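Asker: Whole structure, please, built from the sequences with the hints as guidance.
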Amino acid sequence: MKKFLCFFCVLFSLSCLSQQKQIDSLKKVIDAYTHQDTTYINLRLSYSRKKFISAPKDTTLLQYSLKTLELSKQLNFPKGEALSLNRIGVIYQYVFSNPYKAIENFQNSLTIVAKYGLPNRYYVGNIGNIANIYYEQKENEKALSYYKKMLDYPAYRINAYGYIANIYGNLNQLDSAIYYYKKVDKIARETKNVFQLANNQSNLSNVLSKANKKEESIASIEESLELIDKHKFEFIRAPAYSNAAKVYFNSHNFEKAKKYALDALSLKEALSNLFIEEKLWETLVEIYETDKDYANALDAYKKYVKLNDSITSLDRKLEISRRDMQFKADRDQAVAQLEIDRQRFIKNTSFVIGGALLVFGLVGYFLYKRKRDALEAKKVADFKVKVADTELKALRSQMNPHFIFNSLNSISDYMDKNDVDTANNYLVKFSKLTRSILESSEKKWILLKDDIELMKLYMDLESLRMPNKLVYNIAMDVNLDLENVMVPPLMMQPFIENSIWHGIAKKEGIGTIRIKAIKEGAFVVFTIDDDGVGRTTNISIDATEKTSLGLKITKSRLEVINQLKKAKGELKIIDKSVGVQVVLKLPLELRF
Amino acid sequence: MLKAVIIDDEKHCISRLERLMKPYANLIEVVARCTSVSNAKSAIVLYKPNVIFLDVELQNETGFDLLAQLTNIDFEVVFTTAHNKYAVDAFRYSAMDFLLKPIGESDIKRTLSKLREHVSLKDMATKIELLFYNLESRNGSPKKITIPTQEGLTVVNSSDIIRCQSDANYTHLYFKDKTKIIASKTLKYFEESLENLGFFRSHQSHLINMGCINKYVKGKGGYVVMNDNSTVEISVRRKEEFLKRLNGK
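Protein sequence lines correspond, in order, to chains A and B.
Mapping of the first sequence onto my numbering: residues 957 to 1548, in sequence order.
Mapping of the second sequence onto my numbering: residues 269 to 517, in sequence order.
Source of the hints: derived by calculation from the structure; they are not laboratory data.
A hint or two may mislead.
[Stated by the list, open to error] Simulated pairs of lysine-lysine, BS3-like, Cα-Cα distance not exceeding 27 Å: (1) 382(B) with 369(B); (2) 507(B) with 1524(A); (3) 453(B) with 1388(A); (4) 1541(A) with 1142(A); (5) 1412(A) with 369(B); (6) 1405(A) with 377(B); (7) 1462(A) with 1425(A).
These figures come from a predicted structure and were not determined experimentally.
Answerer: Okay, here's the thing in structure tokens:
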């Protein structure tokens, strides 16, 4: 997260040298100016911007900008007013570290932009500033909503996508993070923005590695490192090395991991950024432990703990501007985490000693083999149990009691209202769906054609439950032979249900669900798109705890299929700027 | 105008069926509604209907009991049932028309348009005879099925069929006595009625009787040699399941 920040700071400082001269001459022009007209205000605004970049700690700029604001008001000059407010916001944010005061000024600036219909760039500038503050304050939900507003303006899109991806990465919503990094990637390549590309590939590799996509993560970091070497992007070298160490460690290439971690530590940029240095030591602890190099591991661990402590105290300073309550909770958590880490280390060390003793105790290969065979048999048995369990649960979720009784209730409601035709239509569809589900649940695979019919029936029923609310369309790849392609019954149903009840039901007006299936090599890729209110991003970091039952079941069904077909099917859930997209990749199964 | 008798032990089912037929008042008229076998018997004698809608479960009797007690069946029979797999299988073998409850508007429309086409009554007798044969021959014993051809209905023992081969919208059926019938139905239709009778869809265009295989020759998918020395390909994707079935699993 901090990588982006340091990148922008560096850009500021790079441009400051050449600007010193301009600032001085500008100052002279302003001092010599006698009229107080709009040109005068424009000059003042230009001066304050340049001055801020060259001397970001100058507190007198606040008085200066307040005066500019005052003059703009007297002259009835909205552009001057909006820009002064923006400057004041920036000053509060960076000079006085007062994010709340800063946001207040940005909001006031926005009000003026809207009131006088000023050009879009004034609007986006404020939005971007507010988004960055929320981002730094880790108010992810708010930051996201502001970044998503920036997406309407092409020039800002690449940065907004990058930040959105970072947020999803921090929230561990990895599919979404990857999705947005890939958007940055696309734009960077199209516009030949090599710097963004290098930085983005480095960030992407980190998330891919977390998502356990080893090959892709290595490809990303390698491209990033190559670009950094070629174009000498020194200020992102340290974070890239840090990511490389993590990526290679996760891919079990310990030698390379160690090399990059140590190389990174020899860069002065890494040592000037506590967060990167801390991450590097953390990675090194893991590397040394794997190497069984306990002396170095302990050494690295001590450094890690020390940095962790100072970061915690740094965080503490930042937190002071926040509400007191949250401060306490965060500190307690940090202390507890430290304690847990310590305990874990002690535990790990004692395990290693115990393990060494055990080696002497091992009598021979046969004991090991016998155990392995037993484990293998247990694995097979477990898998069978899992298959049976998953099938049962899948049926349960499709014949969700909630759905059954609510349907019956809706039928009864139509009868109360004397709408016999609708009640009848509803009832017949309901019983057809019930019968089909019961019949198809006996089968592990059904024809794609039949599965589409089931989905249609299901969506027809749901749209009867909420009239004039739901529209759907289904598009099938012409390369898919509906009479020959087989799919597990109703894999998509839980997602359609989620889209309807968590996306579209909560939305005002009509919602649309688009279902698409295309053939991609040896896979069928289903996409379900809705334009509902989307998932709330205000979820705990450990997103797995909150996953719905339907999602769990589908994941487990997919695992069973992957294991049986030795395939790599995938499930992705992507938070779009509007609505949610679910992508389900299944191995292509043909009947004949 | 068709005269209809509805036989069902549930009043709701009778009135629902009647309501569904209301839009077709110029085509069909319900002349009697009965809730028991004895009741229905006298109504049929009295009204001489063209068609009866007959529920399978009639309290402690069945719709089959009614048909067994009638000496002369000169009307169409449409069975109705909520969920009875055994009966539904028997209907399929005999190509009897049946409606699953709750009945939808489109279901009744389809049935009435079939009635309008006047399937010959000779066929009805054949179908009912076959229905009884299949209902009585319990598990394991050979079943008879009806085969719709261009000339009409042919009845055969399912175990006499060696294999079926698709030919666009027609199906060629090969028999143990070296005869062959061309049926006016798709292979899918036969797959549905024969899959529970020891038949296996080995290929997009082949349905084979697992009891009539002489040998299996290994290959990518491999092929089988049937009793009549014909060879039938096994599709690669069906091979695994075919071997499972062959080994009696």
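Asker: Give a verdict on every hint.
Answerer: Each hint, compared with the structure:
1. 382(B) with 369(B): Judged against 27 Å, a Cα distance of about 19 Å means the pair holds.
2. 507(B) with 1524(A): 23 Å, holds
3. 453(B) with 1388(A): 25 Å, holds
4. 1541(A) with 1142(A): Roughly 22 Å between the alpha carbons, so the hint for residue 1541(A) and residue 1142(A) holds.
5. 1412(A) with 369(B): The given pair, whose Cα atoms are some 21 Å apart, holds under the 27 Å limit.
6. 1405(A) with 377(B): OK: residue 1405(A) and residue 377(B) at ~23 Å, within 27 Å.
7. 1462(A) with 1425(A): 10 Å, holds
In summary, the structure agrees with every hint in the numbered list given earlier.
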